[in-house]
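**Q** Chain by chain, the residues run as shown.
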Amino acid sequence: MMNEAKILTANWEKENSQSIEVYQASGGYDAARKALGTEPEKVSQEVLDAGLRGRGGAGFPAGRKWTFMPKGTDRPKYLCVNADEGEPGTFKDREIMRRDPHMLIEGIIIACWAMGANTAFIYVRGEFSGPADITEKAIAEAYEKGHLGKGIFGTGFDLDVFVHRGAGAYVCGEETALIESLEGHRGNPRIRPPFPPQRGVFDMPTTVNNVETIASVPYIITKGAEAYRRFGTEKSAGTKLFCISGHVNNPGVYELPLGYPLMGLINDVAGGMINGMELKAVIPGGSSTPVLKADECANVNLDYESLQQAGSMLGSGAVIVMAQGTCMVKVLEILAHFYAHESCGQCTPCREGTGWMAQILTRIHKGQASLEDIDLLYDLAVNIEGRTVCPLADAAAMPVKSFVSKFREEFEEHVEKKGCPLSNPFPVLWK
Amino acid sequence: MALKFSEAIEAEFGKICGRYPQKEAALLPALYLAQREFGHLSNEALRYVAQRLDLPPARVYGVATFYTMYNKEPVGKYLIQVCTNICCSLMGGDHVFHYISKKLGIKEGETTTDNKFTLMRVECLGACGNAPVMQINDKYYENLTKEKVDRIIASLE
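Heads up: the sequence lines are chains L and Y, in that order.
When we follow our numbering, the leftmost residue of the first sequence carries the number 1, and every step to the right adds one.
When we follow our numbering, the leftmost residue of the second sequence carries the number 1, and every step to the right adds one.
Simulated from the structure, these hints should not be mistaken for lab results.
Treat each hint with caution, since some may be false.
Stated by the list, open to error - Derived DSS-like pairs: lysine-lysine, alpha-carbon spacing no greater than 30 Å straight-line: (1) L:Lys137 with Y:Lys139; (2) Y:Lys15 with L:Lys145; (3) Y:Lys148 with L:Lys14; (4) L:Lys137 with Y:Lys4; (5) L:Lys280 with Y:Lys146; (6) Y:Lys23 with L:Lys431; (7) Y:Lys77 with L:Lys137; (8) L:Lys71 with L:Lys280; (9) L:Lys150 with L:Lys42; (10) Y:Lys146 with L:Lys431; (11) L:Lys280 with L:Lys406; (12) L:Lys431 with Y:Lys116; (13) L:Lys366 with Y:Lys103; (14) L:Lys137 with Y:Lys23; (15) Y:Lys103 with L:Lys431; (16) L:Lys366 with L:Lys280; (17) Y:Lys107 with L:Lys366; (18) Y:Lys15 with L:Lys150; (19) Y:Lys102 with L:Lys418; (20) L:Lys280 with L:Lys137; (21) Y:Lys116 with Y:Lys139; (22) Y:Lys103 with Y:Lys77; (23) L:Lys431 with Y:Lys77; (24) Y:Lys107 with L:Lys418; (25) Y:Lys107 with L:Lys431; (26) L:Lys14 with Y:Lys139; (27) L:Lys366 with Y:Lys139; (28) Y:Lys4 with Y:Lys23; (29) L:Lys150 with Y:Lys23; (30) Y:Lys148 with L:Lys431; (31) Y:Lys15 with L:Lys137; (32) Y:Lys23 with L:Lys71; (33) L:Lys34 with L:Lys235; (34) Y:Lys139 with L:Lys431; (35) Y:Lys102 with L:Lys366.
Take the sequences, apply the hints, and build the full model.
**A** Right, dumping it as structure tokens:
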């Protein structure tokens, strides 16, 4: 089953897979040509029928998102491609840009045609200068072939695509912060409404889509919605790039149909646990998603519904695997410091709350906390979520709530023993 | 002497400004150009960028201090940033940091006396499948081992 699901990764193993020649040799840019010969509404409908959901984490139907863009307006419209990949555990968009940037560019052409946008910005996180350079080179190749620019494929459709580099700020992966950043501002998320399709970048109608979402589009246009739906489940259609990291033998990016068993990913696809260690816990969808204990993983499948049923989320498809011997207090301390560092600071509950949570966790890990501090920590998480402009506070609260409720005895042990009972908080020795 | 973009950077600046319908949107790329040209973003460099984009200096300062990749202080020739977020830590990221710290005799945020290396911790670099990872200037170094770290540092002249 897993090996036939090659949509996003179809070209990855080919030599020079990032070049336009290799991409075109297997029918690349035919989907864009086909789309430009089809009415824009029908293109959106096909993507909606395919059941493609946003791959950045929220899982909103992509085709529907496109229909929110106003029609019959002479205001310029924009597509922003979110390549600000920063959710800890996530490293898939980097691979798309490095290994098949033309699939992304072709998806951009189709999406812009469907929405009537004549400009697209690919917002790449600043640290990804390598992938950004490769993508810029691919854009230049596409211009040279007449696939971008004025009157592409001999139609009257004009499209410009630019790479815009971020400069180190996790919050800019949130779509309105991304828009602010693109305008040259601090990445402070905006209050909605108005939503980006009404007033987005430069105050104009804007749609923000994740790299993987856009890269999935050419296949849908070439093969049709039905073909895409052969993969995945009824509500979670298609394939997804799963990023598996942590204590497994073969970490990496794997394309699997949605609905693939979590334990199958860990044991079969990623080669099982390092040194035959026992599984302790899994963060299934990026650092913000609630943790699952080993015994909760048995019957979980990797799709939006199954993970929700298990009390977590598919998120960005970032599966972080932790073996027995991992200190859960240390893990949470690291995550809490990350969110405190990345809070943009505009909402008080998040700015103050993430900092407090980080400090309390450092105290607990160092053995300087009391049992009441564990309740205070949980209480803070409950009180910051849902009270801020953007979901960063929720993202910081979810791990705290799940770690404390599922591994409470470890937190108490740190308090009682006045410090971490382990000599090394992680069971893998660095050599 | 007042700061000024060189001819090559000036050409890039012009190209970047042409991409956006509003001048202010060129601020992030312009700050990168200034950092490349002037080494780090001193207040003087920030004022220069502000003047070039017709922005209040305070606005430019606010943006430059929001993003971690703009260096407001001078850094060494090689800026070593070790990821110690969760996926790297699970595979020894913290040990990588301490190993380099000891090897170079500098703590977090410090620069060696010969101005060659600056050492920092950094949040997730988005290469978690190849943990532990560090970034030196623009380049990623992945699947780090002690031997690999030694080799990489020895190769930097």
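**Q** Now tell me, hint by hint, if it's right for this structure.
**A** Verification of the hints:
Distance restraint check for Lys137 of chain L and Lys139 of chain Y: the Cα-Cα separation of roughly 18 Å lies within the 30 Å cut-off, and the hinted pair is therefore satisfied. Restraint check for Lys15 of chain Y and Lys145 of chain L: the C-alpha separation of about 21 Å stays at or below 30 Å, so the hint holds. Under the criterion of a C-alpha separation no larger than 30 Å, the hint pairing Lys148 of chain Y with Lys14 of chain L is consistent with the structure, at around 28 Å. At most 30 Å may separate the alpha-carbon atoms for a hinted pair to count; Lys137 of chain L and Lys4 of chain Y meet this at roughly 29 Å.
Between Lys280 of chain L and Lys146 of chain Y the CA atoms are separated by roughly 27 Å; this keeps the pair inside 30 Å, and the hint holds. Between the alpha carbons of Lys23 of chain Y and Lys431 of chain L the distance comes to roughly 50 Å, so the proposed pair goes past 30 Å and is violated. Taken as a hint, the Lys77 of chain Y and Lys137 of chain L pair is honoured in the structure, with Cα atoms around 27 Å apart against an allowance of 30 Å. Distance restraint check for Lys71 of chain L and Lys280 of chain L: the Cα-Cα separation of roughly 51 Å exceeds the 30 Å cut-off, and the hinted pair is therefore not satisfied.
Restraint check for Lys150 of chain L and Lys42 of chain L: satisfied, since their Cα atoms lie roughly 23 Å apart, inside the 30 Å limit. Distance restraint check for Lys146 of chain Y and Lys431 of chain L: the Cα-Cα separation of roughly 6 Å lies within the 30 Å cut-off, and the hinted pair is therefore satisfied. Simply put, Lys280 of chain L and Lys406 of chain L have alpha-carbon atoms about 12 Å apart, close enough for the 30 Å limit, and the pair holds. Between Lys431 of chain L and Lys116 of chain Y the alpha-carbon distance is near 25 Å, which keeps this suggested pair within the 30 Å criterion.
Proximity of Lys366 of chain L to Lys103 of chain Y is assessed by CA-CA distance (about 26 Å); at most 30 Å being required, the pair is judged to hold. Proposed proximity of Lys137 of chain L and Lys23 of chain Y is supported: the alpha carbons are some 25 Å apart, at most 30 Å. With a C-alpha separation of about 15 Å, the suggested pair Lys103 of chain Y and Lys431 of chain L falls inside the 30 Å cut-off, and the hint holds. Restraint check: the Cα-Cα separation between Lys366 of chain L and Lys280 of chain L comes to about 22 Å, which is no more than 30 Å; the hinted pair holds.
Taking the CA atoms of Lys107 of chain Y and Lys366 of chain L, the gap is near 21 Å; set against the 30 Å cutoff, the hint holds. Taken as a hint, the Lys15 of chain Y and Lys150 of chain L pair is honoured in the structure, with Cα atoms around 18 Å apart against an allowance of 30 Å. For the hint linking Lys102 of chain Y to Lys418 of chain L, the alpha-carbon distance of about 28 Å falls within 30 Å, and the restraint holds. Straight-line distance between C-alpha atoms of Lys280 of chain L and Lys137 of chain L comes to about 43 Å, which puts the hinted pair past the 30 Å bound.
Pair hint Lys116 of chain Y plus Lys139 of chain Y holds up; C-alpha atoms about 16 Å apart against a cutoff of 30 Å. For the given pair, Lys103 of chain Y sits about 17 Å from Lys77 of chain Y by alpha-carbon distance, which is consistent with the 30 Å threshold. Taking the CA atoms of Lys431 of chain L and Lys77 of chain Y, the gap is near 27 Å; set against the 30 Å cutoff, the hint holds. Restraint check for Lys107 of chain Y and Lys418 of chain L: satisfied, since their Cα atoms lie roughly 27 Å apart, inside the 30 Å limit.
Restraint check for Lys107 of chain Y and Lys431 of chain L: satisfied, since their Cα atoms lie roughly 21 Å apart, inside the 30 Å limit. For the hint linking Lys14 of chain L to Lys139 of chain Y, the alpha-carbon distance of about 24 Å falls within 30 Å, and the restraint holds. For the proposed pair Lys366 of chain L and Lys139 of chain Y, the alpha carbon gap of about 34 Å is over 30 Å, so the pair is violated. A C-alpha spacing of about 19 Å is found between Lys4 of chain Y and Lys23 of chain Y, which places the hinted pair at or below 30 Å, so the restraint holds.
Proximity of Lys150 of chain L to Lys23 of chain Y is assessed by CA-CA distance (about 23 Å); at most 30 Å being required, the pair is judged to hold. Only pairs whose Cα atoms come within 30 Å are accepted, and Lys148 of chain Y paired with Lys431 of chain L is accepted, the gap being roughly 10 Å. Proximity of Lys15 of chain Y to Lys137 of chain L is assessed by CA-CA distance (about 16 Å); at most 30 Å being required, the pair is judged to hold. As the CA atoms of Lys23 of chain Y and Lys71 of chain L are separated by approximately 27 Å, the hinted pair is consistent with the 30 Å bound.
Of the supplied pair hints, the one linking Lys34 of chain L and Lys235 of chain L holds, its CA atoms being roughly 27 Å apart against a limit of 30 Å. A hinted pair counts as satisfied when its Cα atoms are at most 30 Å apart, and Lys139 of chain Y with Lys431 of chain L qualifies at roughly 22 Å. Between Lys102 of chain Y and Lys366 of chain L the CA atoms are separated by roughly 23 Å; this keeps the pair inside 30 Å, and the hint holds.
Checked against the numbered hints given earlier, this structure breaks hints 6, 8, 20 and 27; the rest are met.
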